[in-house]
Amino acid sequence: MMAKKVLHSLTLNGEEVEVASVAGATLLETLREDLRVLSSKRGCNQGVCGACTVLLDGKPVRACLTLTARCEGHAVQTMEGMNGDHVMATLQRHMVESGGVQCGFCTGGVLISARELLESDPSPSRETVKTALSGNICRCTGYRTIVDAVCGAAEELSQ
Amino acid sequence: MTEVFNPETVEEAVALLAQHGEAMPLSGGATLIAMRNAALVEPSHLISLDRIPDLRGISRDDGGGIRIGAMTRHFETAACVELTGSLQVLRRAAGMIANRVVRNMGTMGGSVANADPAADYLPALSCCDAVLEIAGPDGRRTLSIHDYIEDWYETALEEGEIITAITLPAPVEVSSTYRKIARVSGDYATASCAMALDPDGQGLRVAIGACGPGPLRDRAGEKALRGKLDDPSAVSEFTSRLVALADPVDDVRGSAEYRLRLIPRLVTSVLSELTTQKEMA
Ligand SMILES: Cc1cc2nc3c(=O)[nH]c(=O)nc-3n(C[C@H](O)[C@H](O)[C@H](O)COP(=O)(O)OP(=O)(O)OC[C@H]3O[C@@H](n4cnc5c(N)ncnc54)[C@H](O)[C@@H]3O)c2cc1C
Ligand code: FES
Ligand code: FES
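Note that the protein sequences, when read in sequence, are chains A and B. For the first sequence, position 15 (counting from the first letter as 1) is numbered 36 according to the working numbering, and the numbering increases by one without interruption. For the second sequence, position 65 (counting from the first letter as 1) is numbered 80 according to the working numbering, and the numbering increases by one without interruption.
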């Protein structure tokens, strides 16, 4: 049986898009399989690892737990749409410099979570950074270099 | 494949649920979509409650009581300045659920409906003597949080009913707080404790989470403890009763035996935090 598809219109990285996805698809499926927007990764598909994190109306959410139908008429932003964001660029540079990126699978989700933290708390303690990133699992770095990067970026941005 | 509906009124949502036997209400999706992704549930239809204005927002009634719409996200509850004094406990609990991203998604209605024994809202709501507003095929009704949990993952919610709001008595100026013991930040509780002092400071209300099918409250024990909060042997008698009433299980977050040992320590430590706060105030 062919799975029934449904048309959805949403704003993706500032552009209106219309996309056909299987009825009840998650935003992660729509992004990766139907739109081939690949920065949001499928790790656990359970909301636990954070690799799929994207912005919905400016707030980080799990793409694997968000239905595409929920995004109808709303704005979705992925790492592809973050070029030109000063806070993000600073975080990215610190991630590279401190060795916070190894395989890179977790990196987009980490960056989106870190950016939200810096928006609400421009100079967080190391402990606050760790708690804020507790929903982003990294299998490579051991986290210390990621925390270094976020703290370094925070320091640079608050100067 | 799941068909998704976006009703705009409670009546429409209830009618859609009645119409499609395999339909389930969808709020934040933080639990339901994870379960569907794991093929633990396969709903034919999802009735999204996201576009129903009636289910949104936190408001105050004429008597000062607070109504939290079922679709209120955890981050909104965690930031709600109306939740002061005796209701601070609920605000604290909201801020300790999972992590920031999940708090942007999950809702109070969804969490209460899901009735996970280790969820953070249930003990906090029990400590606040919350009341649930429910809508279903037979109309609207209200239900005390104390009559809500019937067994492990079993609630008094009937087929086709949805939770529309959670109401709380007007806050009074007393200390209250929520403490959660978890393996790592962002995990579900191994055990938790929601506590508020009585308005005169002579007694307390306490609910323990993750140590039985629902929040553990011993209202008779609370009564017996009134006026004796500074008497260590009375407090110890009270915590022994709680331990006797608890019914924890062994799971990845801790053994039942460990949980039973946590209860008295949690209660005495949170109590001393609250009474010190009171003396400093
Ligand atoms: C990684 C992760 C970590 C988590 N950690 C914690 C934690 O530490 N503490 C904690 O308390 N929770 C935790 N949660 C659960 C989280 O709080 C969920 O948001 C919550 O359990 C479900 O809320 P929801 O709005 O997402 O509901 P949904 O997932 O949409 O629904 C859950 C269930 O309730 C039903 N339902 C939804 N809304 C209603 C309604 N209004 N009336 C009747 N039935 C309804 C649905 O049909 C479904 O069966 C965690 C979740 C994740 C993914
Ligand atoms: S894939 Fe979404 S959180 Fe892991
Ligand atoms: S860099 Fe490989 S998972 Fe984080």
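Note that these hints are calculated values from the structure, not bench results. Cβ atoms here follow ideal geometry from the backbone N, Cα and C, with glycine treated the same way. Check before you lean on any hint, since a few could be wrong.
[Claimed, not checked] Here are the computed distance ranges between Cβ atoms for each label pair:
1. A:54 <-> B:168: 30 to 36 angstroms
2. A:54 <-> B:72: 31 to 37 angstroms
3. A:165 <-> B:153: 21 to 27 angstroms
4. B:162 <-> A:94: 26 to 32 angstroms
5. A:165 <-> B:184: 52 to 58 angstroms
6. B:200 <-> A:143: 45 to 51 angstroms
7. B:162 <-> A:165: 47 to 53 angstroms
8. A:107 <-> B:198: 34 to 40 angstroms
9. A:54 <-> B:184: 45 to 51 angstroms
10. B:169 <-> A:149: 34 to 40 angstroms
Broken hints, by number: 3, 4, 5 and 6
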